[in-house]
Amino acid sequence: MIEGILIGLNTALSLKNILMVAMGCFFGTIIGMLPGLGPMTAIALMIPITWGFDPATGLILMAGVYYGAVFGGSTSSILINAPGVPGTVATSFDGYPMAQQGKAGKALAIAAYSSFAGGTLAAIFLLFAAPSLSKVSLAFRSPDYFALMVLGLTAVSAFSSKGQFLKAMMMVVLGLMLASVGQDTLSDIPRFVFNNMNLSDGISFVLVVMATFAMSEALTIILKGTDPSRASKAISLTQLGSIKLDKDETKKMLKTIPRSSVLGFLIGVLPGAGATIASFLAYGMERNYVNDEEKQKFGKGSVHGLSAPETANNAACSGAFVPLLTLGIPGSGTTAVMLGALLGFGIQPGPRLYMTNPEIFWSVIMSMYIGMVILLILNLPLIPYIARILAVPRTFLIPMILFFSVTGIYLMSFNTFDIFLMIGIAVVATGLRLYKFPMPPLILAFVLGGLMEENLRRSLLISDGSFSFLWDRPLTAIILAFTILIVSWQGYSSIKRS
Amino acid sequence: MKISSVKIISLLFFVLSAFYLYTAYQIQVFSFDENAPFNAKTFPIYLGFVGMFLSGLKIILPEKIKEEVDHTVLDYKKVIFLVIIMIFYGLTILRAGFFLSTSFFLLFAYYFLGERRWKLMLIFSFPFVALFVFLLHGILDIYLRDPFLKLLGIIG
Numbered sequence: 001m002i003e004g005i006l007i008g009l010n011t012a013l014s015l016k017n018i019l020m021v022a023m024g025c026f027f028g029t030i031i032g033m034l035p036g037l038g039p040m041t042a043i044a045l046m047i048p049i050t051w052g053f054d055p056a057t058g059l060i061l062m063a064g065v066y067y068g069a070v071f072g073g074s075t076s077s078i079l080i081n082a083p084g085v086p087g088t089v090a091t092s093f094d095g096y097p098m099a100q101q102g103k104a105g106k107a108l109a110i111a112a113y114s115s116f117a118g119g120t121l122a123a124i125f126l127l128f129a130a131p132s133l134s135k136v137s138l139a140f141r142s143p144d145y146f147a148l149m150v151l152g153l154t155a156v157s158a159f160s161s162k163g164q165f166l167k168a169m170m171m172v173v174l175g176l177m178l179a180s181v182g183q184d185t186l187s188d189i190p191r192f193v194f195n196n197m198n199l200s201d202g203i204s205f206v207l208v209v210m211a212t213f214a215m216s217e218a219l220t221i222i223l224k225g226t227d228p229s230r231a232s233k234a235i236s237l238t239q240l241g242s243i244k245l246d247k248d249e250t251k252k253m254l255k256t257i258p259r260s261s262v263l264g265f266l267i268g269v270l271p272g273a274g275a276t277i278a279s280f281l282a283y284g285m286e287r288n289y290v291n292d293e294e295k296q297k298f299g300k301g302s303v304h305g306l307s308a309p310e311t312a313n314n315a316a317c318s319g320a321f322v323p324l325l326t327l328g329i330p331g332s333g334t335t336a337v338m339l340g341a342l343l344g345f346g347i348q349p350g351p352r353l354y355m356t357n358p359e360i361f362w363s364v365i366m367s368m369y370i371g372m373v374i375l376l377i378l379n380l381p382l383i384p385y386i387a388r389i390l391a392v393p394r395t396f397l398i399p400m401i402l403f404f405s406v407t408g409i410y411l412m413s414f415n416t417f418d419i420f421l422m423i424g425i426a427v428v429a430t431g432l433r434l435y436k437f438p439m440p441p442l443i444l445a446f447v448l449g450g451l452m453e454e455n456l457r458r459s460l461l462i463s464d465g466s467f468s469f470l471w472d473r474p475l476t477a478i479i480l481a482f483t484i485l486i487v488s489w490q491g492y493s494s495i496k497r498s
Numbered sequence: 499m500k501i502s503s504v505k506i507i508s509l510l511f512f513v514l515s516a517f518y519l520y521t522a523y524q525i526q527v528f529s530f531d532e533n534a535p536f537n538a539k540t541f542p543i544y545l546g547f548v549g550m551f552l553s554g555l556k557i558i559l560p561e562k563i564k565e566e567v568d569h570t571v572l573d574y575k576k577v578i579f580l581v582i583i584m585i586f587y588g589l590t591i592l593r594a595g596f597f598l599s600t601s602f603f604l605l606f607a608y609y610f611l612g613e614r615r616w617k618l619m620l621i622f623s624f625p626f627v628a629l630f631v632f633l634l635h636g637i638l639d640i641y642l643r644d645p646f647l648k649l650l651g652i653i654g
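Note that the protein sequences, when read in sequence, are chains A and B. Going by the working numbering, the first residue of the first sequence is number 1, and it counts up by one from there. Going by the working numbering, the first residue of the second sequence is number 499, and it counts up by one from there.
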């Protein structure tokens, strides 16, 4: 492991990679601050840029964007009560009241220190968990992988949006359908190409991500008439006040951070759960832990109430890398985008990544620490200035997002068919978004589609066409039992609600 | 009885799944693969059935909360304009070249979204795209087909 850490440090500490982390954190913070545009849009817009880099640098850049976006989301939550990303909604419960009491600087500092501590502790957990889990996951066979993917897709559907399980599952099927377009990987037989040569290679992953996130989010903003730059204008006008914390506040944070980190990391590892659930659970857990006097302060500017969700959401971001790096199965929409980018580099994440590409494995883990430091020392004091840069009116912001989306796709294939296909998918996605059909399950399914079919093929061929492979191995059966549990729970909740 | 929009979308999804299933059955597999436990059409066939099942459930099950969207507050006009100029952008990018088509796309997009500060609009269209082309072509060495810049002798 020491050798791995040194390899990771060597790669992550190169000037180019430090610059990439810094750039990623900065860009991510900007996008994260804009309500309506989340980390997935930020990462999607980054993908065409990463093609020119080596895989480690590309992934480091995307990881920086991810953390930056979560941090940016916290900033708008605290200062103007407009969470940029769902994972920071719980931050506004106590962050915004604190800012209203004239302690905006303190609230930002608490959020930044908590994020830093949560992210760092989780990165340490990842450092130990990932190699061990990699070794364990070597024992995984095709049926287990297939079952794990089914579990991941079901869990993402269950957790991505409350009460929308069926809609999310429909999006999963749509994602898998889109992934099946093009030549069959084994027999090269064309499927769903309708004699169109442009479809014979399948639909590009970047195209689908850009269309369903960057482009569709931009169109939704226009459709609903929202102005994301209003948030940044308000932030740039906010008086921050002191960012120094007193002894009592530090003491409170020190109590909250360890437990919220552990909870956040564990939730992040679970497929589908992610930062949003982690932050809400941490907030709830913290409320139960504190004494009655502190409990009264929750919702009115409590240090515990602000520190807990901030620690947990960053820890969950690190935790989400565990299934991606060790099993090659992303647990969230954001890590699914990263998986797609890695596949684009010709790298198959999974248990063997640890051995075949140690520099990628370790440098991503190491860059997380660097990212946290950058967020703390660079972004915190620069927030009002970043917000000022960001106060770009939507009349300029939206065309720029559309331009980067279209250009990103055009520069990849130099094929105008891809542009038209992307516009078509974006229009459909915008319509679906209006009626709360979640997009992350679609992306996850699109990324996992090929792998899922491959593992199902192997499993069925081994078992001679019998579905007994689903219960032959205890591990497969256990994973499927969890899936059934999630589906039953969703069904039960639905009946209970009605 | 008014059918909700979500049910209509589900119905469309049901039709899409049925069409997908029909197309999956039409996939021509090799004759030796026809009776194999798994061939190129197996997974799509499963998907078609699952899609029909899920959308069927969504259509049949009662809705607890009607999720209707107030269409009167939605700005369809601007979105349609943006989509049209994006299509136009796609149509002209090869013929007019990257520089001209992108610059005009940005200019029209700013205008349709309500921007009227011409100075800024011009700065963030032609010079901005020129800088972008320089970055791509001059620094990153990415070839851009551009008849207009070729005519001017800027790119080869």
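To be clear, the hints were calculated from the coordinates, so they are not data collected in a lab. The beta carbon of each residue, even a glycine, is placed where N, CA and C say it ideally should be. Certain hints may be false.
Estimated spans, in silico, between C-beta atoms of each pair [stated by the list, open to error]:
| hint | chain 1 | residue 1 | chain 2 | residue 2 | range |
| --- | --- | --- | --- | --- | --- |
| 1 | A | S242 | B | P645 | 54 to 64 Å |
| 2 | A | F420 | B | G651 | 48 to 58 Å |
| 3 | B | L634 | A | N195 | 30 to 40 Å |
| 4 | B | I637 | A | G284 | 44 to 54 Å |
| 5 | A | D246 | B | L634 | 30 to 40 Å |
| 6 | A | G225 | B | K500 | 18 to 28 Å |
| 7 | B | G554 | A | I2 | 48 to 58 Å |
| 8 | A | I2 | B | L650 | 23 to 33 Å |
| 9 | B | I621 | A | S242 | 35 to 45 Å |
| 10 | B | Y523 | A | G225 | 22 to 32 Å |
| 11 | B | S503 | A | L138 | 24 to 34 Å |
| 12 | B | K648 | A | I2 | 53 to 63 Å |
| 13 | A | E3 | B | K648 | 50 to 60 Å |
| 14 | A | N195 | B | D573 | 29 to 39 Å |
Think about it this way: if two alpha-carbon atoms lie no more than 27 Å apart in a straight line, the pair counts; the simulated DSSO-like pairs of lysine-lysine are [said to hold, decoys possible]:
| hint | chain 1 | residue 1 | chain 2 | residue 2 |
| --- | --- | --- | --- | --- |
| 15 | A | K224 | B | K505 |
| 16 | A | K297 | A | K244 |
| 17 | A | K162 | B | K562 |
| 18 | B | K575 | A | K162 |
| 19 | A | K162 | A | K244 |
| 20 | B | K562 | B | K505 |
| 21 | A | K436 | A | K496 |
| 22 | B | K562 | B | K500 |
| 23 | A | K436 | B | K576 |
| 24 | B | K617 | B | K575 |
| 25 | B | K617 | A | K436 |
| 26 | B | K500 | A | K224 |
| 27 | B | K556 | A | K436 |
| 28 | B | K505 | A | K436 |
| 29 | A | K496 | A | K297 |
| 30 | B | K576 | A | K496 |
| 31 | A | K244 | A | K295 |
| 32 | B | K575 | B | K500 |
| 33 | A | K224 | A | K255 |
| 34 | B | K500 | A | K162 |
| 35 | B | K500 | A | K496 |
| 36 | A | K224 | A | K162 |
| 37 | A | K251 | A | K297 |
| 38 | A | K244 | A | K255 |
| 39 | A | K496 | B | K505 |
| 40 | A | K496 | A | K162 |
Taking the hints in turn, this is what the structure says about them:
1. For the hinted restraint 54 to 64 Å between S242 (chain A) and P645 (chain B), the CB-CB distance of approximately 59 Å keeps it satisfied.
2. For F420 (chain A) paired with G651 (chain B), a C-beta distance near 31 Å fails the hint of 48 to 58 Å.
3. Checked against the hint of 30 to 40 Å, the pair L634 (chain B) and N195 (chain A) passes, with Cβ atoms roughly 33 Å apart.
4. Taken as a hint, the range 44 to 54 Å holds for the pair I637 (chain B) and G284 (chain A), whose Cβ atoms sit roughly 51 Å apart.
5. The hint said 30 to 40 Å for the Cβ distance between D246 (chain A) and L634 (chain B), and at roughly 52 Å that hint is violated.
6. Between G225 (chain A) and K500 (chain B) the C-beta distance comes to about 26 Å, which sits within the given range of 18 to 28 Å.
7. At about 56 Å, the beta-carbon gap between G554 (chain B) and I2 (chain A) stays in the expected band of 48 to 58 Å.
8. In this structure the hint that I2 (chain A) and L650 (chain B) lie 23 to 33 Å apart at CB is violated, the actual value being about 58 Å.
9. Restraint check, I621 (chain B) to S242 (chain A): a C-beta distance of roughly 39 Å satisfies the suggested window 35 to 45 Å.
10. For Y523 (chain B) and G225 (chain A), the Cβ-Cβ distance of about 45 Å falls outside the hinted range of 22 to 32 Å, so the restraint is violated.
11. Checked against the given bound of 24 to 34 Å, the beta carbons of S503 (chain B) and L138 (chain A), roughly 48 Å apart, lie outside it.
12. Distance hint check for K648 (chain B) and I2 (chain A): the Cβ-Cβ separation is about 56 Å, which falls inside the suggested range of 53 to 63 Å.
13. As the Cβ distance of E3 (chain A) to K648 (chain B) is approximately 52 Å, the hint placing it in 50 to 60 Å holds.
14. A hinted range of 29 to 39 Å holds for the C-beta pair N195 (chain A) and D573 (chain B), which are about 38 Å apart.
15. For the proposed pair K224 (chain A) and K505 (chain B), the alpha carbon gap of about 22 Å is at most 27 Å, so the pair holds.
16. Under the criterion of a C-alpha separation no larger than 27 Å, the hint pairing K297 (chain A) with K244 (chain A) is consistent with the structure, at around 21 Å.
17. Between K162 (chain A) and K562 (chain B), the direct Cα distance comes to roughly 13 Å. Compliance with the 27 Å bound is thereby established for this hinted pair.
18. About 31 Å separates the Cα atoms of K575 (chain B) and K162 (chain A), which puts this hinted pair outside 27 Å; it is violated.
19. For the hint linking K162 (chain A) to K244 (chain A), the alpha-carbon distance of about 38 Å lies beyond 27 Å, and the restraint is violated.
20. Using a Cα cut-off of 27 Å, the hinted pair K562 (chain B) and K505 (chain B) holds, with the two alpha carbons roughly 13 Å apart.
21. The straight-line distance between the Cα atoms of K436 (chain A) and K496 (chain A) is roughly 21 Å, inside the 27 Å bound, and the hint therefore holds.
22. The hinted pair formed by K562 (chain B) and K500 (chain B) meets the criterion: a straight-line CA distance of about 15 Å does not exceed 27 Å.
23. At most 27 Å may separate the alpha-carbon atoms for a hinted pair to count; K436 (chain A) and K576 (chain B) meet this at roughly 21 Å.
24. For the given pair, K617 (chain B) sits about 25 Å from K575 (chain B) by alpha-carbon distance, which is consistent with the 27 Å threshold.
25. Using a Cα cut-off of 27 Å, the hinted pair K617 (chain B) and K436 (chain A) is violated, with the two alpha carbons roughly 39 Å apart.
26. Pair hint K500 (chain B) plus K224 (chain A) holds up; C-alpha atoms about 24 Å apart against a cutoff of 27 Å.
27. Taken as a hint, the K556 (chain B) and K436 (chain A) pair is honoured in the structure, with Cα atoms around 14 Å apart against an allowance of 27 Å.
28. Pair hint K505 (chain B) plus K436 (chain A) holds up; C-alpha atoms about 13 Å apart against a cutoff of 27 Å.
29. Straight-line distance between C-alpha atoms of K496 (chain A) and K297 (chain A) comes to about 33 Å, which puts the hinted pair past the 27 Å bound.
30. Annotation: proposed proximity of K576 (chain B) to K496 (chain A) is violated, straight-line Cα distance about 42 Å (limit 27 Å).
31. About 24 Å separates the Cα atoms of K244 (chain A) and K295 (chain A), which keeps this hinted pair within 27 Å; it holds.
32. With a CA separation close to 26 Å, the supplied pair K575 (chain B) and K500 (chain B) stays within the 27 Å bound.
33. Distance check on the hinted pair: K224 (chain A) and K255 (chain A) sit about 42 Å apart at the alpha-carbon level, beyond 27 Å; violated.
34. Pair hint K500 (chain B) plus K162 (chain A) holds up; C-alpha atoms about 25 Å apart against a cutoff of 27 Å.
35. For the hint pairing K500 (chain B) with K496 (chain A), the CA-to-CA distance comes to about 25 Å; that is within 27 Å, so the pair holds.
36. Restraint check for K224 (chain A) and K162 (chain A): the C-alpha separation of about 22 Å stays at or below 27 Å, so the hint holds.
37. The hinted pair formed by K251 (chain A) and K297 (chain A) meets the criterion: a straight-line CA distance of about 16 Å does not exceed 27 Å.
38. Restraint check for K244 (chain A) and K255 (chain A): satisfied, since their Cα atoms lie roughly 18 Å apart, inside the 27 Å limit.
39. For the hint linking K496 (chain A) to K505 (chain B), the alpha-carbon distance of about 21 Å falls within 27 Å, and the restraint holds.
40. Distance check on the hinted pair: K496 (chain A) and K162 (chain A) sit about 14 Å apart at the alpha-carbon level, within 27 Å; holds.
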